[in-house]
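K.L.:
Respectively, the protein sequence lines represent chains A and H. Numbered per our numbering, the first sequence spans residues 3 to 173. Numbered per our numbering, the second sequence spans residues 2 to 125.
Simulated from the structure, these hints should not be mistaken for laboratory data. Positions of the beta carbon are idealized from the N, C-alpha and C atoms, including for glycine. Check before you lean on any hint, since a few could be wrong.
[Stated by the list, open to error] Simulated DEER-style distance windows between Cβ atoms:
no.: 1; chain 1: A; residue 1: Arg115; chain 2: H; residue 2: Arg12; range: 14 to 20 Å
no.: 2; chain 1: H; residue 1: Ala58; chain 2: A; residue 2: Ser118; range: 48 to 54 Å
no.: 3; chain 1: H; residue 1: Ala54; chain 2: A; residue 2: Pro17; range: 38 to 44 Å
no.: 4; chain 1: A; residue 1: Leu161; chain 2: H; residue 2: Ala46; range: 47 to 53 Å
no.: 5; chain 1: A; residue 1: Ala13; chain 2: H; residue 2: Leu51; range: 29 to 35 Å
no.: 6; chain 1: A; residue 1: Ser57; chain 2: H; residue 2: Leu51; range: 19 to 25 Å
no.: 7; chain 1: H; residue 1: Ser42; chain 2: A; residue 2: Glu80; range: 20 to 26 Å
no.: 8; chain 1: A; residue 1: Val138; chain 2: H; residue 2: Ala46; range: 27 to 33 Å
Residues per chain, in single letters:
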Amino acid sequence: MVPTELEQHVAQLHPASFAWALACTRWNPAEAEEVLQSAYLRVLEGRARFAGRSSFRTWLFSVVRNVAVDRRRRQWLEELSPWKTPNRSRADAAVTGPHEALESAQRGAQVRRALSALGSRQREVLELVFFHEMTVEEAATVMGVALGTARAHYHRGKLHLMALLDSEDLR
Amino acid sequence: MNPDEGDQRIRAALAEAHRSDGARMPSFKQVWTVAKQTGRSRSSARVWLLTSASLTAAIGLAAWLIAQLGPPAAEFPRGTHWTGPTDFLLRTPGLVTLRTVPEFGSASSSPLLHPPVDARRGTP
């Protein structure tokens, strides 16, 4: 793919990619931006290359997810190490500001809280299917799991989220 | 609640969760430019690293070659024992006798050298 063409494709998908990055980072905008930057860097450097085996969106979303997973793993290792550095973009730090405190009173924050309570794979499959309008098969490709696994997470996630929404009293 | 209603509810909830995404979203240009700059600085760092590594390897190789091509190291005798080329001239007969030291303790106790007083006197 020609670089300018690649840039155009990525630019078109930027809002959706950001929404997906947010979901992958438990709605931490600073972290989502960093994830997106790293994902674009992988694309630019050719470390992630579109081979045409799936749609461009599915491929880009899987790159974003892989970056987010790598980042989470690195954070986890940093927390274990005795030389840990203060992390400026933690998920819990993102909801402590006055703006976020106000927002947390709103309905969107309640839904995000309910979604955050789900397992990461359940949240991911629901996000991809219900927000990004993907099929479960495409979601499985993005998540790098077998179709059967994705289906199981989809059904369990739906039930779990409904129960959580009921408990949050969001009807 | 039928399954479609459940799906609708989840769809609405997710749309609600993403309602404020637009306000938080950085522009594409901004993210893309930062990624590009990071890529450039990384590649220049990689070039620098590669150059310095190859330079170090070349210097090491040159030093090794010089060490290999230089004069052979002189062979010195091991330890403190050194045998001169004319030492054989000093080997004379009786050298073993000259170099041995008599043991006084053992000689004094020898009955042949110092027989008992009674034995020397003889018997009348």
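K.L.:
Tell me the hint numbers this structure goes against, listed in increasing order.
P.N.:
6, 8
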